[in-house]
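Note that the protein sequences, when read in sequence, are chains A and U. Numbering of the first sequence is given in the numbering used here, commencing with residue 28 and proceeding in unit increments. Numbering of the second sequence is given in the numbering used here, commencing with residue 106 and proceeding in unit increments.
FYI, nobody ran anything at the bench for these hints, they're computed from the structure. Bear in mind the structure is a predicted one, so any value in this text is a computation, not a measurement. Even glycine gets a Cβ: it sits at the ideal position worked out from N, Cα and C. Do not rely on the hints blindly, as some may be mistaken.
Stretches of chain A that chain U covers, calculated by requiring three or more beta carbons in the stretch to come under 8 Å of a beta carbon on chain U [as the list claims (entries may be wrong)]:
| id | region |
| --- | --- |
| 1 | 116-127 |
| 2 | 221-231 |
| 3 | 255-269 |
| 4 | 492-498 |
Beta-carbon label-pair distances, calculated as ranges [as the list claims (entries may be wrong)]:
| id | chain 1 | residue 1 | chain 2 | residue 2 | range |
| --- | --- | --- | --- | --- | --- |
| 5 | A | Val285 | U | Arg625 | 27 to 35 Å |
| 6 | A | Asp151 | U | Arg119 | 52 to 60 Å |
| 7 | A | Pro453 | U | Pro404 | 24 to 32 Å |
So you can see what is in the structure, the chains are spelled out below.
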Amino acid sequence: MSTQQSGQHSGQQFRATERIEAPQGGPGPRHSPMGGMVGQKAMSFGPSARRMVARMAPERAATLVVLALTLASVAAMASGPRLLGHATDLVFRGFLGDYFADTPADRLPGTARAQGVVPGVGIDFDAVGRTLVLTLLVYVAASAASWAAGYVLNGVVQRTVAQLRREVEDKIHRLPLAYFDRSPRGELLSRVTNDIDNVGQTLQQTMSQLLNALLTVVAVLAMMVWISPVLALIALVSVPVSLLATKAIMGRSQGQFVAQWRRTGQLNGHIEESYSGHALVKVFGRQEEFDRAFAEHNDGLFEVSFRAQFLSGLIMPTMMFIGNISYVLVAVVGGLRVASGTLSVGEVQAFIQYTRQFNQPLTTVASMANLLQSGVASVERVFELLDADEERDPTGAGEATAPLRAAAGVRAGEVAFEHVDFSYDPDRPLISDLSLVARPGQTVAIVGPTGAGKTTLVNLVMRFYELDRGRITLDGVDIATLGRRELRRRTGMVLQDAWLFEGTIRDNLAYGRPEASEEEILQAARATFVDRFVRSLPEGYDTVLDEEGSNLSAGERQLLTIARAFLTDPDLLILDEATSSVDTRTEVLVQQAMAALRADRTSFVIAHRLSTIRDADLILVMDAGAIVEQGTHTELLAAGGAYAALYRSQFAG
Amino acid sequence: MLLTLLRARLQPYRALLAVVLVFQAAGVVAMLYLPSLNARIIDEGVVTGDTATIWRLGGLMLAISVGQMVCSLVAARAGSRTATAFGRDLRRDLFHRVGSFSTQEVQRIGAPSLITRTTNDVQQVQMLVVMSTLIAVSSPIMMVGGVVMALREDAGLGWVLAVVVPALVVAVGAVIRAMVPSFRVQQTRIDEVNRVLREQITGIRVVRAFVREPEERARFGAANDDLTAVATTAGRWMATMFPLVMLIVNVTSVAVIWFGGHRVDAGETSVGALTAFLSYLMQILMSIMMATFMLMQVPRSAVCADRISEVLDTEPSVAPPVTAVAPDPARRGHLDLAAVGFSYPGAAEPVLHEVDLAVRPGETVAVIGSTGAGKTTLINLVPRLFDATAGSVRVAGVDVRDLAPEVLWAQLGLVPQRAYLFSGTVRSNLAFGSPGASEEEMWEALEVAQARDFVAALPEGLDAPVAQGGTNFSGGQRQRLAIARAVVRRPALYLFDDAFSALDLATDARLRAALRPVTRDAGVLVVAQRVSTIRDADRIVVLEHGRVVGSGTHTALLADCPTYREIVDSQLSAEEALA
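One chain only, chain A, in its complex shape (with noise of 0.2 Å):
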């Protein structure tokens, strides 16, 4: 099971790195990954559990009823051979009885004697009926109490997990966006799937078979000790030994397993980049050297996955063996007790049984060690997720109303940043002292070489981080004050990255908002040329795009997240290399579909090619965080400055 996890953990990571783009604007995070939240921290077992433990406290009524019924599951189990043994008894007695009808009662063996041998007198089957009649009754009991008690725990386990999964992704909307760039996204995936997964799985089969074991080596150990000191004694010893020689396979096997999960690390990461760079490694003729370099890894792993396998393999028939010495230990010493008249044939036969009942539990701890072990590393993932810090006034609920927007009849928008200063990384600033105005309707294009601080900047704006110094106002109201959510409300985004979900076009288009109608879904489609590709598409508007959006170009899924922008119909509206994927033709038509939205409307562009943003009404040139020149195409391009500069290379031909 954890060889099965391991393997997806490195399949997310890799998924997950190939889609990562580090955020253009800020150089910091891909390069000081925060240490603490990466990586595998050493396991401290005990914390953990005991946390994980105490999460259950909601279900503390239901969990003393799973105990209660347990624990009379377990008596009841536990009593079942000591009366199973006295039924032999009495038949051993009566059988024993006809044996020596004809001996006279004082010439009786000492053994017969001692099992209450009457002679002449024979198998007591009412009794016997009696005393079996009553097993069952225990039997039945039992195995209800055993059965109420699973069903009582298994609604605990689930309830329990299910609150940890919408705790999880509850924490998800209330991270800051620093976190998502600081952790690849791959193993961040992977704790919000695979750890949780993990974690409910092993509480599913550990739970309930532990709690049992536990249970039943405390009950069984009773009943033998009422039975026999001695024998319970002897049973006893097999205690320590089966803990040590499981200790000793299993200090030997770990540090196998460690390796065969590195190995698999390693032979994941071959594969996966043989499998992303297919085509290049057939091209350039290096199928071979990848071959070689696969067998080698491939060998590695079957190698130590065999030794860890074999070793963990041993545990079994180990504890088997030791299980059968104690066996033949209580068989022989339980028939001398006999034979001298100190035991009952049937106090043997119960005893023999406990032995097995004592030592199975034993070897479903051992064997359940592992799983444990795994579950408990995740759940500690799972927690470190938990415990992050959370982005400030996560609830968007801020005390500022929304600004007159609808008040004075008139489109409002004007957005101000008053000496901003924002690093992603405190050791290296990147925006320091930043003001500028954009007027309500003004299209405010921002250039600039990678890395300037573009994106960074309209990140600012939709407050997806927070500031250092200085404050960014939104038609004069401190948007630190606003709220998040009314921000956005008012925000239209497109993003270089063409995100989508899986659903139809439509669900899709009305993503940010869901109550529009058809027509207007329709309106918003035909304006920005989706309208066109998706009549093409054999179920039009209905068509379900896929997670990895492969049934669309890159340029199409551009498209489709423009139109999504267009629908919300915002006060502000942030393109954000919007159209870098969309072919020339495309988007001049696009650039029209553009015009149109941003004629009332505040809007910040950044823009790869200058020639798609020479109309706008305030151009900034960005370069290491500061904006070094401002100004229309024309007094820029007059100027002779950067701009100038950097039009002229793009246009050098």
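Starting from the known structure of chain A, fit chain U onto it as the hints suggest.
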């Protein structure tokens, strides 16, 4: 599917499996012998008060225990070896099969899915093999042996077996039957929950920008509730299993004592035999339970086996020629496409239709067109990442389908649209193109690709580490390194698939100028969206919906190809304004 796969794949390990079988059988027999010894201790020792016999039989029991453990160890070793070797072979064959695939198959199944199949799915099936060598072998032996031994102890109670064994099988089977569909549904719901979470994390900015947290919470909540509901159902069935089995087992032991007691009374059996019978019965029932637990694993493994078999059974659509033709050395650097067409199987519209195109050494031919015009498909036909479905693609005068793949690829320098770098160092990535390249040649290639400066600026220079995919370099840097990787090969034919898109125009221009002397004797095919990248090409081919709608120089096309003019207008109007 699962069975076929197992049968074929375990064939080479027959000897090891035989060892597993023999030693498991021996171990089980030893285990089965123990209760009868116990019975003899009671009958021959306890009842008669013969201490010596008790000791003798006890010693024998111990010796048999040792033997049983040794058998188990040998079987465990052989079993582990078989299972892990099975996994290794399966992974190897999958890897080689995928290696033989063309891009078409890789695209169809998807690289992430192929990875999962080669790793996780194999692991799942391997787990089943491990369990089989432990349980599937010992269970039936234990059951049959148990029945034989029990009947030997007291044939008169045989009818109890005839009632209980089927009862247990039916009861356990019924629970499993009820449980398996729940498990299946549970798996798809887990996938669903994970998908929602994955979407939320990858789309976190969009979710926040559109203030969709409440809806996302609701969407997740619904998925979570669905999952919890089915998991609860499945869990209930699971919780039923153990009590049910215990009930059957326990009722049976009560019955044995009752009916056995009468047989003892009638002198038909001994008390010792009764005890032994009970022990055997327990073992039989346990073996049935173990077997059913293993059977529960089967559906899941079967799904994995299906997915594995699908890969193994997929024939690569691009096969090497039976008899390869040697390329014509006089036509080095020649590329000719004649009436080439390509369509995906079952697609209504062809991706490419009747495309003609020729490249000669020293010539640069450009292909331009909108997204989805078929440009990438066209370039992929040359290295046979796809095979044309009509017409012919000829490299060095020979149809690519007649060239040995290694010979064909040795002629080509491909720079794909997505600049993928392999983990290692800058050096290892350049050596990827040409393993024997000297340091000097590498720097030359970097120089041409306009990558010299930034590589030289790295503290480790050529030995600077490259992360998987090249994620530690910017898009433009990746692209330039990918170009250098192709240049270092000095191929006869360069294939650039939109390989300059992440470069700013100045770098783009410098790179093209630096390429000119390098490609004096080589053919160059460039696919691009940007007119400035290709306006100096010797010939420009304009693709529209998979068809050639114009071909010629920039000036000629401007004059007589409306599509080209539209593309140019959309991009160069600014420049004209400037001029």
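Taking the hints in turn, this is what the structure says about them:
1. Given a C-beta distance limit of less than 8 Å, the hint that chain U covers the region 116-127 of chain A holds, as 6 residues qualify and 3 suffice.
2. For the region 221-231 of chain A, the stated coverage by chain U is satisfied: 3 residues place a CB nearer than 8 Å to a CB of that chain, which reaches the threshold of 3.
3. Against chain U, the region 255-269 of chain A contributes 0 residues with a C-beta closer than 8 Å to a partner C-beta. That does not satisfy the three-residue criterion, and the hint is violated.
4. Counting residues of the region 492-498 of chain A whose C-beta sits closer than 8 Å to any C-beta of chain U gives 0, which falls short of three, so the coverage hint is violated.
5. Between valine 285/A and arginine 625/U the Cβ separation comes to about 56 Å, which falls outside the hinted range of 27 to 35 Å.
6. Separated by about 58 Å at the C-beta atoms, aspartate 151/A and arginine 119/U satisfy the suggested range of 52 to 60 Å.
7. At roughly 54 Å, the beta-carbon separation of proline 453/A and proline 404/U lies outside the given 24 to 32 Å, and the hint is violated.
Figure legend: structure checked against the earlier numbered hints; hints not met, in rising order: 3, 4, 5 and 7.
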